[in-house]
Amino acid sequence: MTPVASKIYTDDVSLLMVLIDTNPFFWNSINSTLSFSKFLSNVLAFLNSILLLNQLNQIVVIATGYNSCDYIFDSAASQNHNQRAENLLQKLEDFVHKDESLCRDDSVDGPGFSLLSGSLSMALCYIQKVFRSGPLHPRPRILCLHGSPDGPGQYVAIMNAIFSAQRSMVPIDSCIMGAQHSAFLQQASYITGGVYLKPQHLDGLFQYLSTVFATDLHSRSFLQLPKPVGVDFRASCFCHKNTIDMGYICSVCLSIFCKHHKKCSTCGSDFGQAQTQDSSTPDRKRKISVDK
Amino acid sequence: MLRKETNGEERRFDRDEEEDEEENDRGLDAWERTYADERSWESLQEDESGLLRPIDNKTLYHAQYRRRLRTATAARVQKGLIRYLYIVIDLSRAATETDYKPNRMVVVARQVEAFIREFFDQNPLSHIGLLTLKDGVSHCLTELGGSPESHIKALMGKLVCSGDASLQNGLDLVHSLLNQIPSYGHREVLILYSALSTCDPGDIMETIQKCKSSKIRCSVIGLSAELYICKYLCQETGGSYSVSLDESHLKELVLEHAPPPPAIAEFAIANLIKMGFPQRAAEGVISICSCHKEAKVGGGYTCPRCKARVCELPTECCICGLTLVSSPHLARSYHHLFPITPFDDVAPTVSSDPHKVPKNCFGCQQSLLAPGNLPGLSVACPKCKQHFCLDCDIYIHESLHNCPGCESFRHSKSQ
Ligand SMILES: [Zn+2]
Ligand SMILES: [Zn+2]
Ligand SMILES: [Zn+2]
Ligand SMILES: [Zn+2]
Ligand SMILES: [Zn+2]
Ligand SMILES: [Zn+2]
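Residue numbers (the numbering used here), protein chains in the order written: chain F, 1 to 292; chain Y, 293 to 707.
The set of hints was computed from the structure by calculation and includes no laboratory data. Predicted model, so just to flag it, every value in this text is computed and none were measured. Virtual Cβ for every residue (Gly too), placed ideally from N, Cα, C. Hints are not guaranteed to be accurate.
[Unchecked claim] Across the chosen pairs, the derived CB separations fall in these ranges:
hint : chain 1 : residue 1 : chain 2 : residue 2 : range
1    : F       : 261       : Y       : 454       : 48 to 56 Å
2    : Y       : 449       : F       : 169       : 47 to 55 Å
3    : Y       : 472       : F       : 53        : 53 to 61 Å
Could you put together the complete structure from these sequences and hints?
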């Protein structure tokens, strides 16, 4: 391995963090043309093409499992270039078995969600390490190859990760394999300036990956990449997890409720004494303009 | 810093001596002053063999951070997340002094700009207004608003100093403006005070009591020396008072006011606020917005109550007055509600069982071994028992607000 200092990182060198959804319940549930092994062969071809585009490009693969998350592959750490795919697949298989053994409960209805917040947090920690390594480093981005539905319980953690990625200017790209759109990843890509894509024909996955997600961040500005088709910014209430477009916010902790409550269930504040502040906002405006 | 404080005691209300003091300052040659300002000797330390070395910043920085974290979590209570803050900037003659380079006014303006951006990042539903103090009176530069750019633009256009500063006039104006805000909002004033005196038309003690009874939290950052009246004001109203030593210290002090302060129950009445969450329209749709009254292509949000189109969030609908936010705006504050526990130090013991202590940081895969394959410093999450390097520890608590270990294991409650 060449020491880092001797490498010349130009602005088209990429560090690609790939988060692979390995949720077995999801991969068993889709009866489409894409099986997990077919998906993997598409992804392996894509990863190889990234490494061929620029010899300094780096790839790190993290598996997003059902019970755990782990690092699967790091192109900077692997010595043997000829057995790259074998190493990756071996580690992935080990991971899937370990993930399966952690499963305690088999009363799972539906595909269930995978631990996206965990793999996103790990990827961001890794990227911070690259930022610390010196002024010259490859430009990082995160690619989520995701299929499982959103886990409502992960909302706060995923939003925290999105805002941290935004502050470090790391785009989060997402490619959705599932049947429904992912509101979490839609927001992640919109907020961090990444690309969100839900391929129409999954049997052509490699083509989607190589045309949309292979280009480095510098060259992206010259391309016409898919534009977001509206982003769902509606909130879900804390009481029923319903998606609402109008609601009540606790002024102390900003929890969202779909109807008026006497007491906040998150922070315990009492709303007994005061009336709902709804019409007060336009009043304030008027008062100020009279004062002037 | 010693010079400033001792002289400050003497010259507090004395204008003549201030001029003498300035002459003293000029007595230093330019080359002497650069050394005196930089204090390069402070960044050295002596090692065991008596050699001078640059201070080992990493462990020092980490220790500092741990201290900050401990005080922050110890004092963790409800936070005032909806804030109405007026920043009062002293633009009196005292702000032209050049002990800060190029002068106090420019340095203050620069720090206020950084503060405004940081403030809205951390308090997306809050409002800021700007006031200036000069010529013995107080001017309202910008009204309470949620757009950082308009405040910064207004401030940068008005940077002229003259006359004396009047603390009382400033507080009176703030009081009249903050009295109109809704009762659930936290009322705050941050005063950046350069002068060493205040030139008031009446009894300032009365004004301070008025602010106290209106629950306005007043904080002052002084640029020259400690003033009794400022200290008294902050004590009475529950604010904080500090005096800066140099520009980097000033920056630190100003940014301390960016995270939401602990909410004091009696200061703001808890309430439910009705809000709308508009959806973002697809790119390429043409419609007329209600805020600028122009036809615009793409983007834009639709008020869920009256269907009017607005360009930016957060805002109030110009037609029906509903507060419009997007759910990410609210989510930015949620890490205050669900903070992660501080990590425990792991003593670098030479363990006989090498399998027990992980070799790599769980977050970034960095080796946790010190040079020479000795166990190095690391920390562990008390909940998931994963080990992390010191850099990840700081990143996780200061920016990410998630423990990667806890997030990577399925909790039983979610099943
Ligand atoms: Zn509800
Ligand atoms: Zn609450
Ligand atoms: Zn507009
Ligand atoms: Zn409206
Ligand atoms: Zn680490
Ligand atoms: Zn943990």
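> Which hint numbers does the structure go against, in order from smallest to largest?
Replying inline: Structure breaks hint 2 only.
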